[in-house]
Amino acid sequence: MSKNTEMLIDAWIEQALAGAEASGGTTHDPAIAAEALAEVRAVSADTFVGQIELAAAAVLVAESAPQEPLPDSLRDKLLDDARTFATPASVTAISSRAPQPRSGWLQGAGWLAAATLFIALVWQSAEQTPPAIAEPTIAELREQLSTIDGTVTLTWGQSELSPFDGVRGDVVWNNERQQGFLRLVNMPANNPSVTQYQLWIVDPERDSNPIDGGVFNVIAASGEVLIPIDAKLPVIDAKAFAITEERPGGVVVSDGPLLLIAAS
Amino acid sequence: MQQKMTLLQRVAAGEQAAMRECIDEFGGLVWSLARRLSANPNDAEDAVQEVFMEVWRFAKRYDPDQSSETTFVAMLARRRLIDRLRKHNRQPLQESFEEGITAAPAAEQAAEVSVDVRRVREAMLQMKPEQREAVHLSTWLGMSHGDIAESMNLPLGTVKSHIRRGLMLIRDDLGLSGQAQSSETRT
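Chains as they are written, first to last, in my numbering: chain A, 285 to 548; chain B, 85 to 271.
FYI, nobody ran anything at the bench for these hints, they're computed from the structure. Not one of these hints is a red herring.
Distance ranges between label pairs, derived from CB positions:
hint, chain 1, residue 1, chain 2, residue 2, range
1, B, A97, A, L510, 21 to 27 Å
2, A, L510, B, D149, 26 to 32 Å
3, A, L510, B, Q150, 27 to 33 Å
4, A, E489, B, S235, 22 to 28 Å
Remember, it's a predicted structure, so these values are computed and weren't measured experimentally. For each residue, glycine too, the CB sits at the ideal point set by N, CA and C.
Given only the sequences and the hints, what does the whole structure look like? Please build it.
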């Protein structure tokens, strides 16, 4: 194993374990990356990083014995949190079936009482199978997220790079829900066998390196596209979003350039 | 024939009973980790609540082909606990932060211990103390290689080698890489 290959593997391991504390550099030299992946027997850097994280977690499990029982008062808090977390999904289910106009349905006070009753009935009848509900579209999910407290909307700034200078749209993101959507208009199409777009989430509270928000494709003549954000790590406080163009499958660290930026 | 859904898959599907079962199944583990990696019991309680919010959010990411549910939950817990340590610049409770494994407690030897736990313990016990300590500091505290080298007064290259070999061995022993149990030497 060459020295450069060893350095790259160590950088991946440090990134998996130390995150913000990682100090090793990474390289996009394809030959070194390929040698490193062969050495660690992984299909991609992301896969290897994930395996190391799981191995580290397994060490914690093994060393955490004997485990202390969860205090009853804390268990009660966790159950309350779980019910609260489940609440927005239940409201979404109701609103997608409601005959009333969506804006009136969501903004009226009556939905809260109905939602509370719905949750109580489902929670207490744990054996009962929830009724089948039509899945909301991405556009509907984005719109609903936009109405929730704590959701921010950031507009894409004009790119200085052609042909991205004509792209418009925005990013909707809710930190509490760890959920968000990109809206892109006039985004040039990519050839998925050659490149993919990759979203990055800038979160200074978490890390000096941006968080991988997932890769996506834009099909020719798409007009407006809506993309769900798939953050690979928990986001503490997103301050900006950026898009780059990378090799298929994405990268762990991007060399840029930044095609589009949406910042607060 | 349809495979039975795992607990986390049921949570991801929105089954609220599964969330209760999840708290009962993993609450002790998450609480124990939080107690060791938090500055005080109040912090530990807040941390456990945050960890379970991560579990609800990321249950959809669980892949039974990659790891056990326990390991997956522990991974989410570890991320959140280390984030909290860094954000609040706090030290874990020192009195509970003894050397990880010296030997399995006698009571545990008779108790049912998962195969994964047994394999990790065997791997750690066969490491030399210096390697075990380096792996322990990197996994529990997320310390950088440089900080571990300084803390242990070892060359950086030695620390990196210890951690690389140790964790890849554990990875292989647990089948996380899709490889059979490794027969590599420990150091």
